[in-house]
Each structure stands twice: as C-alpha cells, then as structure tokens.
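Chain S: place on chain V using the hints.
Residue numbers (our numbering), protein chains in the order written: chain V, 26 to 271; chain S, 26 to 271.
Any given hint could be a false lead.
For identical chains, the list gives no copy identity; a pair is met inside one copy or between any two copies.
What the hints assert, rightly or not - Simulated crosslink set (BS3-like; lysine-lysine; CA at most 25 Å straight-line):
#1 K80 x K65
#2 K238 x K228
#3 K228 x K251
#4 K150 x K80
By construction, these hints were calculated from the structure, which means they are not laboratory data.
As the structure is a computational prediction, the values presented were derived from the model and not from experiment.
2 protein chains.
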Amino acid sequence: MCVVYPTQNLNQFVVVLVAPRNPLNIGAVARAMSNFGAQKLRVVNAYDVAFREAKSAVGASDVLTRAEEFRSLADAVADCRLVVGTTSVGHRNLNHPLRTLEEAGRIIRRRLSAGQVALLFGSEKVGLTTEQMTHCHWLLRIPTREQHSSMNLAQAVAVCLYEMVRSKTISRHKAEEDGIRAGDAERFTQLLLHALAVSGYTKPASAEATDQKLRRMVRRLQLSSKDGEIWLGMLRQIVWKIDRQR
Amino acid sequence: MCVVYPTQNLNQFVVVLVAPRNPLNIGAVARAMSNFGAQKLRVVNAYDVAFREAKSAVGASDVLTRAEEFRSLADAVADCRLVVGTTSVGHRNLNHPLRTLEEAGRIIRRRLSAGQVALLFGSEKVGLTTEQMTHCHWLLRIPTREQHSSMNLAQAVAVCLYEMVRSKTISRHKAEEDGIRAGDAERFTQLLLHALAVSGYTKPASAEATDQKLRRMVRRLQLSSKDGEIWLGMLRQIVWKIDRQR
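Here chain V stands alone, though its shape is the one from the complex (with noise of 0.2 Å):
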C-alpha cells in the first residue's frame, strides 16, 4: 500500500494555449491543470471569448476563472524564464532543437525552482506556426505514433503535466540556470533588428524571414538573467548612438 501524490510544485509553471479554437478544450485543459495541481492558464486569441463557461473543466472553475488573456504570445510569455513549446513533428527539419517528453521534464523540473517556465501549445488544427515557435527556447514531443501523432490538446496538457509530477524528486535550484524573462529576450530581438535594419543589414523584402531567424538566435543564446541584463543595456547604448547619428 502506498501513497500518491504530486510533491512537485507547480506554482511556477504556465500552460499558454495559442489561438484554441473549442472552448470544451480549454475547459478539459483547465481540469487537467487542477488535478496536477498548475493553477496558471494563458489563453492567446482563443477563437472562442466565452471558454470560461465550459462544462468541461469538471471541478476546475478557479482555473478557468483565473485564466489570463492575450492579444499576442510576446506579451504571455514575457515574465516566464524557459519558454518551450510542445509539436507533433517529430521528425521534419526544424528550426529548434527537439526534446523528448521525458528529457524536457528533468530539464523544466529544474528550472521551475528559479522562475516562471512557459509550456506553449498551438491551435488543434495546426498547433504551433513557425512563428510562434520563435518564441520559444526549444520544442518537445510527446512519445505518439508517427503514422497518427496529433493528439487531443487537453490530452497533450494532461501528458505533460503528469510527466512534471512523475518523479517525485524536487530538484534544487541551480543558480546559472537562471535565465532571462522572455521579454527581455524579446526587448533585445528588437532593438537588434532596429540596429540592423537602420544599418542596411536587413533587406525589407526579406524582414520578416530575419526577424523569425534572429528571435531563435536570441532564445538559442540562453542568456542568464544578469548577463541579459549587460547585453540589453550595451545593445543600447549602440542603438542609441546608431539613432542619434542619422
């Protein structure tokens, strides 16, 4: 006889859903947090603005009613430190480096002790755009089927979540595993492309492939929260002696 239950803390973890479309997702999706025990939903552009009434989020409602909204995922992801999105491609040539489940939990469980870590999800038909990867540090893919990989979101959600509380270790906190909020990440992206664009390095034909190509590079760098903060504030200062010089 034994007993079970979650000893992970998931105080610190954030599902983000990107543009649902069912609000009956949403709700299951808010059921699967309250039985892990993660309290904290961002919904990005749901299709639906009514999801806060899904039946489906049995036993849930705090959830639900707590949920935040977004009009774009900078904005939902901005305080998280390890932002990771989830994809059913388990093979095609992306962009990102791609973690299994298992992997990505010892590495989130980790980072959970010393900030915020955003799990994203995309929308049911498609999941995540390439763009809306950009924003993310790296992806993870639940263990399904090639041949029928595409799972159910609110069962993707439960997966994850159950693969967060597994192992009933509580890592302790590391303190170079520390790493940037991601708006900050964002806020360097983009006064590295006003700097690049201002010195003709990017082409206006090709601005948006670049802006896609260099917010990866910025996530790549892992940048720790106080090396983050003395890469922004050189960037700038460049940017501002760039500007002031035109």
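Showing chain S alone in chain V's frame:
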C-alpha cells in the same frame, strides 16, 4: 535535434472501459490509443451503445470499429494474464496493493512480452466499484492532487499509455555541433569592444576590466559555428554603420 517515436509494442495491451457513460469519452480514448499504438479496446456495458460513431475518435476510427463489447467484466479480461485497475483513490483503505503509475509501468512493460495485460478504467462518475476491483491483481493511481483527483477518462488513458511507451522512446541526437573557433570569438569580442567604445558605453578608465568581462561573456554564449558566423556578420555591419557616421 532528435527523433522521438515510441518503440514499445502495445499489441498485447488491452484497454478495458467498464460501464462508460459518454460516447465522446470512448472516442477520445480510441484516439489516445491510436496515438500511442494500442489497438485493443474492450467495452463492458457501455451506457450508450452507439459509441462507435463518436466523432471524438479523430483519426482512430479503426480502433473504435474493432472495439469488442462484453456483458461482463470477467469475460472481458478472461484471456489476460495480468489485470490492473485504475483508481483516483490514493489513501483510503483499499483491499488491493496500490502502485504508482510509474512503478506499474515498469511491471506492465515487462509482462507485456509474456501475454496480454488489461488496464481497467471505471465509469466517469464513480470509477471502478469494489466488486469490479476484485477482478484486478492490483491497482495503479495517477499522481493527481488529493483535492482534485478525478481525471477525465480519456486523459487518464492517455497518461497511462504515455507511461507505457515513455522509456522506450528512441532519441537520436545529431552529432553535437561544433562551437565557433576561438579566433572568431575573439573577432566578435573586438568588434563589440569597438562598438561599445565608439558609442560611449566603455569608460576609458575601466576599459581593461570591460575587456576581460566581455571576453568571458562572449565565451559563455557558446555559439555554434553556424550561429557565430551570423552574429559576426551582423556585428560587422553595425560597426560599419557606426564608423561611417562618425
């Protein structure tokens, strides 16, 4: 970059739904089974006999079509060598050994090579009854919170199936990418130092300290050779712009 598909063979794994009420849940169970490669669905005394039409079985109509119906639980598990029940009860005095899902997964995976293993899920409202549990060798529990332990049926199935295939995931990593050469890191550092000096970020008095601090920071970025080349290109352009304007 890695490729993540399950290799655990679930041919011998039987999902048994006992007295399920909602056909949509049955369809959603079929979808989860198809996602993880489990084919054998057995349904005992479904409340709604028209469950085979459930639209929720997205991409899994074959699992639903081949589902077997039984009048009694005893018949449904008759050809199985191990019968495991699921429960959301984690503390009450049960008459059965209770294992964590993780522990259960280890045992079930081992037993799958020897014969069929049945995993039983009770009805949505009450779970498995005491009588139904008597058909089980032991029980497993998904580590949900005590305060909200009852999961959506299909989500519970998805989480259990994930645990079955989890550790057998193949994760093939691309050979570790080479980092940039030290010479390029130094070129990057020098360009940056120049930009910072010209833009007034560096005070001459503290130039040497900045120099050292920056060199360390650039190394901490651990740039890949591909990314490093792009960062160098961007920085060159920005520096060129600043210099031209002076």
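Evaluated hints:
no. : hint        : result
1   : K80 x K65   : within (19 Å within a copy, 30 Å between copies)
2   : K238 x K228 : within (14 Å within a copy, 33 Å between copies)
3   : K228 x K251 : between (33 Å within a copy, 20 Å between copies)
4   : K150 x K80  : both (22 Å within a copy, 15 Å between copies)
Violated hints are absent here; each numbered hint is respected by the structure.
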